[in-house]
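Q: Each chain is listed here by its residues.
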Amino acid sequence: MQQIIQDIESRFTITDKETRRNDLCFLTVDKLQAISLVTYLRDYQGYASLTLLTAVDWIEEGNFQLTYLLNNPSTRTEIGVRTMIDRENATMESTHHLWENIQTYQRELKEMFGIDFPGSPRIDEDFILEGWDNIPPYRRDFDTKKYSEETYFPRPGRETNDPSTYMKSKLYPND
Amino acid sequence: MDYSITKFLWTLLGLFIVTNWGMLMSSTIRRIGARVSGRIGIPWYQPWVDLTKLYSLKSQVSHGTMFYLGPVFRLMGGVGLFLFLPMIFGSWHWSNYSFSGDLVLILYFQLFGMLGMALGAGEGGHPYSTIGVSRGLAQFTTIEVPMTLAVISIAIQYHTLSISQIVAAQQGGFFTWTVWTNPFATGAAMLSLLGAFGHSPFNLIQAPNEIPIGPPTEYHGVFLGFLRTNNAILHVAEAALFMNLFFGGATNWIELIVKTFLIYFWSVFVGMVFPRFRIEQSVRWFLKIPTLLGILAIVIFL
Amino acid sequence: MVTPIYIVAVILGLAFLLGILKSSMTRLGSILMIGGLVFITFVSGQWLYEFLVNHRATDIIYTAGFLPPYAINLQMGLNEAILTTMINIVGLLGGIYLLDSLKKTGINSMAIFIVFVMSLNVIVMTRDIFNLFVFLEISSIATGGLILLDNKRKAFQAGMKYIIATGIISNFLLIGIIFSYYFASSLNIDGLIAANLMSIKGGAIALFTIYVSIILELKPFPANGWGIDVYTASNPGISALISAGSATAALFVAYKLMPMGGSFWLPYFAIIGAITFIGSNLMGTRQENPNRLLGYSSIGQVGLILMIIGLSPYLGKDTLLIGFSILISHYAAKAGLFWLSGIIKSKNIQGWSALRKHPYLLFLFGTFIFALIGFPPFPSFFGKWNLIMALAAHGQYAWMTAILAGSFTEAIYLFKWLGYSIKLEVPEDITIKFEWNKYLPIYLMGILLYFMGMYLAPFTEGGVYINFLPLAFVFLLFALDFLPVYVKNTLSIAGIIWYMVRLFPLLEHDLMREIFAGIFLGGAVLTLVAGYAKKGKRPGFYPMALLMFSGLVGLIEANTLLEFFFSWELMTAGSYFLIIRGKRSMPHGYSYMLFSIGGAYAILFGLALAYASGLNISLAALGHITQLTTLAYTLLAVGFMTKTASLGLHIWLPGAHGEAESDVSPMVSAILLKAGVFGLMLLFFYMGTGTPGSEKLLYVLGWVGALTALSGNLGAVFQEDAKRLLAYSSIGQLGYILFSITMMTQLGWLAGFTYTINHFMFKAILFLVIGGIVVKLGTHNMYEMGGMIKKMPYSFVAVLISIIVIGGIPPLSGFAGKWLLYNAVIQKGWYFQGVVVFFAGVIAFLYLFKLIHSVFLGQLKDNHRNMKEISAWILIPSYILIIGIMVFSAFPQWVLKPIGNMLTVYFPKSLYWQGTRAFTSLGYWDGTTTMIVVVTAFTLLLGWLVIASKKVKRIGQFNIVYAAERPYRPETTHVSYNIYAGYKKALGFLVTPVVETFWENVSDMVLDFSGWLRRIYSGNMQNYALHVVLFIVVFYLIALGGL
Amino acid sequence: MGYIIIITGFLLVLIGLWGILSQKNLIKIILGFTIFDTGINVVMVSIGYVKGKTAPILDIISAKDALKSVVDPVPQALVLTSIVIGLGVSALMLVYAIKLHHDKKSLDINNFKDLKW
Amino acid sequence: MEKENKPQDIPVVKTKNFIAPENEKRTVTAPDGSLIEVDPINDYFCQERPEEYKVKSGAVEKFLNWARAESLWVLGFGTGCGSIEIPPLVTPRFDMYRYGVQMRPTPRQSNVFIISGYLSVKTLKRAIRSYEQMPSPKYVIGLGSCTINGGMYWDSYNTINRLDHYLPVDVYIAGCMPRPEALLAGFAKLKELIKAGKAEKANEYIRNLDWYKANQKKIIKDWNMPDYNW
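Residue numbers (the numbering used here), protein chains in the order written: chain U, 1 to 175; chain F, 1 to 302; chain R, 1 to 1043; chain L, 1 to 117; chain G, 1 to 230.
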């Protein structure tokens, strides 16, 4: 594992490195290098299997963090490749030529985060949300509670309690 | 050739008995099935309740004329089978209109209902209906092979195709039944009966898990009520046919009830034990052991 | 009377005159040439008239006033008169045809041309063998000169080859002549005959040399490469002359010289003829160049006639008639074809589709082709018939086989050619321009063929009975082909109805014939009614349809074997043209024709054996076959089974019926197939069960029928093409019929008749309706249809009723067949066959459901939304037939009772009637009661449903429960394509196309063999010379090796 | 004497045939033909020849002993015709040879195989 | 943490009219060459509005209501996590068959629609379609708190809160998740209602169709089906 990381470091500019376990580590690279890195991992290091592609909205930094989690079935190790992309103009190169199943993740990210992957098959089709016309719901600036209240006829009389205080008041009403 | 009103009324009465017996039989069988798996099962009157409900639904839709007529054809198939079959041996009242034709008529009249169902389901336009029909017909072709062999065998045995005469030839005791005198033919026919009743392992036609209910996917309400009525009649009539051919017929209703129940139970019994066949498996299966038995049944008379 | 010597004198004089004319005076030259040709035609024609009308005795003309051997003598008898007339006519017509070319090449060529014609005349007439040699040489020099007419490289080479080969041959002839003279001291043929050379030591060799040379002149296979090249390369006009004129003359020489050698040489003539006939026709199968093809065909025909000469001991006094019948067909057809090829100027036979724009020329082309194969009413038909009959009477089965095999190989390429010209795209680069002098000879030859056919018919035993009335009607319609379709249709229907009215009293209550006449003619009327739906003129349709129907009606009327076969061939020809009219039906029409001809030859062989058994021409002779009885019946049965498309012989049917036009399919399927059934029934009637071997034959045929039923139905199950599905279904149904009648019991035959009548009705309905729908929807593929019930309810009802009948579901009439068959099978004891048949019957359900579902039910396609019901002209006949089905279903006794009574004459009675109730020793059935019970019960149930379901909402096409989704498109929701995939998995191995593969392999083998064989024609003239020499050597070793 | 001539004649025939079948040059083949012809003519003459008799020309002998003193006149007549015909054939062949040479500038017989099969 | 929440600055990613490609109008060529315009929604589906059925009373109707109550055919359509609670009903422990309750695979043959748990917008569309395809009289059981007020998904952007705004509910079964026993109790309650002639919610749905449709269409923007699915 370490060897591989060293090998990668010699080839790519790794801006950040985080080893979670012996068999799992995350490498952060520049957006421009990300695709070549996953290609390299897939073709030369045996990380042939894509476990998932996911995103995190770092709204404060104005970035989306994409994570390609790759798995090497023979050594049973995983490497996550992270890259930051601009939030305003969220576009990333599609990697559906590397893994066919990544199409689905890319469609999901497009729908939920609004990250575009030009060229990815069926990227513009609805994925889970049929007929969504608002801000992509996983963006943190989307207020889901407000949306739900506006849209879904909340049944009146609903109370929301903090579980710990609520349980305390129930169990120890005298305190 | 008795077209009298009395005859008609008697036949209607017979039909009434048979329909009710068919429903009772199906609920009983289902109760037995439930008990086998440790349940209580449906109430014995459930088929009547279901039927009443189906006939009393408030909205119905139709896909077209043939869709509408399909259940009529289907029910006609069952009723016709009943009409052309002498139910009780030696009885004028319960011989129905069996003077219209012999065993061959009955064998071919089965197709009448199938055709109607197939066409009605076809006009429904649902893909699963067509798939179900195509499976049903495909399976039916090979079901008929052992059946034909068995029929020919007993025709050779008794020198007749008339059902009354076949039954008459079996009178005289338990061991004069065809099942003892011609076990191969009986075997072939009873195996083909499994397919005819369409219980597992030969229930791919309706296969609720794959092609929701198959041909009757689009049927509901009165249409479905017709189909259910038909099932009740058809099961008894077919069992009665086999009873007449192989198990000495019946001289009274009690005997008929017992025998048809056992014959019907045979197919359910098998169904409880075996899982479902794929269509090509069932098609092939009927051409193996049942056909072999049928051939043996003829060979012994050569 | 002008003595024939003037033929020589005038022509020679003219030739010299032409020689001294100035080369610019071509106009005068051509007038002189034509004048000379007209004169000699007149002379020979005048003699012919004398012989035919005044029965003048044979005349001998002595050229120098001395008796032979001191002078040359010419003989003018009937034969010579006929032949010289023929030669002169073709010379005259050829001269007219070649006028342009001759004018172009100059006056000298005209001189050569007339000398050539004259020399052929003398060759025919002369009785002196040296004179014969001289004129043979003159003719070949003239031929050499004429070949030079075409200033082409290939013509030079061909001419050179020709001269070298004929040079060698004539030198050998000369040697023979010298030795004959040496041994017999005579040059006169009569003198040589009297001298009996065979008895003189060494005389045999002299005779051998003469004979081998004469045979070589006839271009025997394989020493004929030079001859074929001449046909290929020279001007078609010259080729026509060589083929029609020279060959005629040379053949007569062979005939003339035949008595010299006595019977010793005849078998060799026959063998060489047979080898040539088969061999060169086999070569033809791979040929694409039309002229070369005609060359092969010419040589083949000449071989056939040589064979006839060789077989003359068996043919007796008929030799001349037979030979002449075939010769005249060859003569006219070949001349016509060569002339046609000169008009079309195509390098390959595909180019002949240019004829499509010229229907009359196409008609003539068809005429020539059919005349060559030996179809009625052409003379060659009668020739071949007489030939086969005479050979059969003498037990010469090997020769019969050889003749039929050769004829069949000839059919292979001729029909390929005809098919190309009818069906291929019209080539753009070939234009046919009208020139009277080229058209006229062709037309005349065509007319001659028809005339000679009619003229020669009465000379054949039984030929006087042939009814040419329907044929006359066919010609009338051909003449009226320019009229619009409804006029012709009305005319045809009226004609057929009139004929029906006329025919029925003549049948004298022969029920079987009445039934088939009803099917043939009634079916004809009904299917023709559907023709009103067509627009335009439908050129050529009506003559051909009526030709088929006249053949069919001829079968009914036939009392003699000849009439029967005559009608059979007419029907085949007509149906071929009908079938090939379909858009994509060229290959199918071709395979139909080949199977039909093969079948017809099997029938011919069988009929010949029947004739030979008692020298009785009447149809009843079929009942008393004593020669090779089993073989005869087998051949007849196989012949008829090609028409009923039994297993193994069925591969033509799906394509032919499936691709035919919408109203032709019912004609060929519902009606034409019944001709085969009629033949089989007739055959089995006469054969009975007592004939030795018939029991086994019937047993085998019974199995064939059962397996045909199974394979036909299984084949239909996996079809996606609606009409092909129906075609396969026909195979299956015909299998039932074959199976039923092979049982040879009353029940079996009743079942057979029931199936026949039912199949006629439902298949006519199905093909009419489905055909109409296919045309309307513009596709054959069922998966592209669907939902038509809403647009075409009447069609749906028609199809529904038909499929109920096919399925044998009570209460409709299909069940009658099933019930009878069940009883028959058990009674006969054919249990396992029966099971196969009943299995097939259930399989029928699969394709029936597929058909009705895919077309009428399921999802309506978007592009078929605006469809209307198919034309009423199609529905009217369908509904008439439905009424027929209903009546037959409700009152089966009306039909079955009389048939049963008729059959009791032949078979023991086993079906009894008691009112409406039929019963056998096994079971009973009451059609009327069944109908009443079912209709009553159905009505009651329907009433119940109507009451119980008060209000039913009609919903839309996609309002289906689709697992909570909605369908995407009708195309993807309509389940039709390959719906029996599971069944295919389980039983698909049964439909592996074994038979198709077998026949493909056979045809590949034949073509490969001919491709290999024709390598001997290497193109090298020296090789050809060597072939000639080798031929002589081999012939010598075989014939005289022992001497 | 007679036999010798006949044998010579046949030898010429065989030589001619050999020439036709083995030579590749068209002219030689035509020569073969003429030799073939000549051989046949020789054979023909020899057959009609009777020892010690003269030619059947009526000028030389008187008409009345013609039957006794002349050879069979028929072969003689035949030979004349045959020679004439042979001449015609040879001429035609030569014409063809010229035409063929004109076409392909060759007399080799193997060059003229445009037509086959 | 500084939030710069400016929704108007964020580009709207989806700008489409929500007509499914298969529902767009298109032109096909008939075999005779003429052009046919296909408007899928109007052409393939029945556009009529349903009509209310007559609610009768009297002894016969009482008997029929009893029959309807004793023969509850449940559509096998599980929407949320509650669908895992339904299969145990056929096991020997609960054995719903003895109460005349059976599962049917097709809406055409079912009377009872159990909305088993949370209902996303996407599933709601299917549920509406299935419900409308069921023949009347038909009954809806809302299973679990999600169907009542959204349950734990009350603030989700994609899950409805109140089923009764979209489909007429006869019986709610509260709980998260209710056990199979609760379902049986729900069936019993439903039977009671039916026998009492009070379970005519199907009519109510038709009566208030416009209101229901408005609610449904409010959240199902990708409607793409006729107003009423026959």
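Hints in this document: simulated from the structure, not taken from any laboratory.
Just so you know, not all the hints are guaranteed correct.
With the Cβ distance kept under 10 Å, some of the chain U side facing chain G (calculated, not the full set) [unchecked claim]:
1. F12
2. T15
3. K17
4. D126
5. G131
6. F142
7. K146
8. P154
9. R155
10. T160
11. D162
12. P163
Simulated pairs of lysine to aspartate or glutamate, EDC-like, Cα-Cα distance not exceeding 16 Å [to be verified]:
13. K154(R) with D103(L)
14. K122(G) with D23(U)
15. K221(G) with E9(U)
16. K790(R) with D164(G)
17. K122(G) with D126(U)
18. K62(G) with E200(G)
19. K213(G) with D164(G)
20. K217(G) with D133(U)
Just a sample of chain F residues kept apart from chain G, beta carbon distances all over 12 Å, derived [to be verified]:
21. I5
22. I42
23. V49
24. Q60
25. S164
26. V179
27. W180
28. V222
29. K259
Quick reminder that beta carbons are idealized off the backbone N, C-alpha and C, glycines included.
Q: Mind listing which of the numbered hints don't hold for this structure, in increasing order?
A: 1, 2, 3, 11, 12, 14, 15, 16, 22, 23, 24, 28
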